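S.K.: Chains as they are written, first to last, in my numbering: chain Z, 1455 to 1525; chain E, 119 to 256.
It should be emphasised that the hints constitute simulated quantities derived from the structure, not laboratory data. There is no bait here: all hints are sound.
Pairs of lysine-lysine residues, derived as DSS-like cross-links and limited to a Cα-Cα distance of at most 25 Å, are as follows:
hint, chain 1, residue 1, chain 2, residue 2
1, Z, 1456, E, 254
2, E, 178, Z, 1476
3, E, 178, E, 190
4, E, 190, E, 132
5, Z, 1476, Z, 1460
6, Z, 1509, Z, 1476
7, Z, 1460, E, 254
8, E, 254, Z, 1476
9, Z, 1460, Z, 1509
10, Z, 1460, Z, 1501
11, Z, 1501, E, 178
12, E, 254, E, 178
13, E, 190, Z, 1456
14, E, 190, E, 254
15, E, 178, E, 132
16, Z, 1476, Z, 1456
17, Z, 1501, Z, 1476
18, Z, 1456, Z, 1501
Small disclaimer: the values here were computed from a predicted structure and weren't measured.
Chain residues, written in single-letter form:
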Amino acid sequence: MKNLLKLERARNNMTQAELATKVNVSRQTINSIEIGRYVPSTLLAFKIAFVLDTKVDALFSLEEGDWDSVN
Amino acid sequence: MKEQRTFWYSSRFKIIGILFILWGIYSFFVKYREHHLWDINLVSGLLCWGLSFILFSSEKTDDERTHHHKFKALTWAVPAGLIITHLINYFFLSPAEPDSGKYTPSVSAYVALSIVLIIALGLFYYLQYQDRIDEKSA
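Sequences are here, hints too, so could you generate the full structure?
M.R.: Written out as structure tokens, the structure reads:
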């Protein structure tokens, strides 16, 4: 799954630590999502989108390989 | 939408877990010194309690990524622990023949569970460590 988290976070002038505090997760979790190592739950995705004042589907999008692989 | 609490006890219970482990190791050596017995069941029983408190208590920063790591660690640890238990039984406890009319010997449940919990805990901290390495290299 692709995401524009890093871009949207920069647009909002927010550090990983600040975003992590606002959505109540660790900074490592935000970093893992940004580098595509971890796919967040629906609840966390909505929280991140809300804090960054955007929509979930603007932040996260499916890739070709997402249809035939499971993390 | 209210998030459910995954782990029942707080991170402070890790200290209780460590105390259980130390108690187990101390009891093991006391029994060996006084009776010259290698009581593996005694130490592994207390090890199980200690490791359970450490693994299943919440972390300082407890989030879904941490829960994912614990789940991943357990999915590897359970089959790996099962394989190790079988190998110990096979190589060290001289298994009875299927038609011998004897019970099949096996290590105790405490020992088997200790093996699983040790692997799970080691793997969990390794995954957490990997995250920190990735963060530094990003």
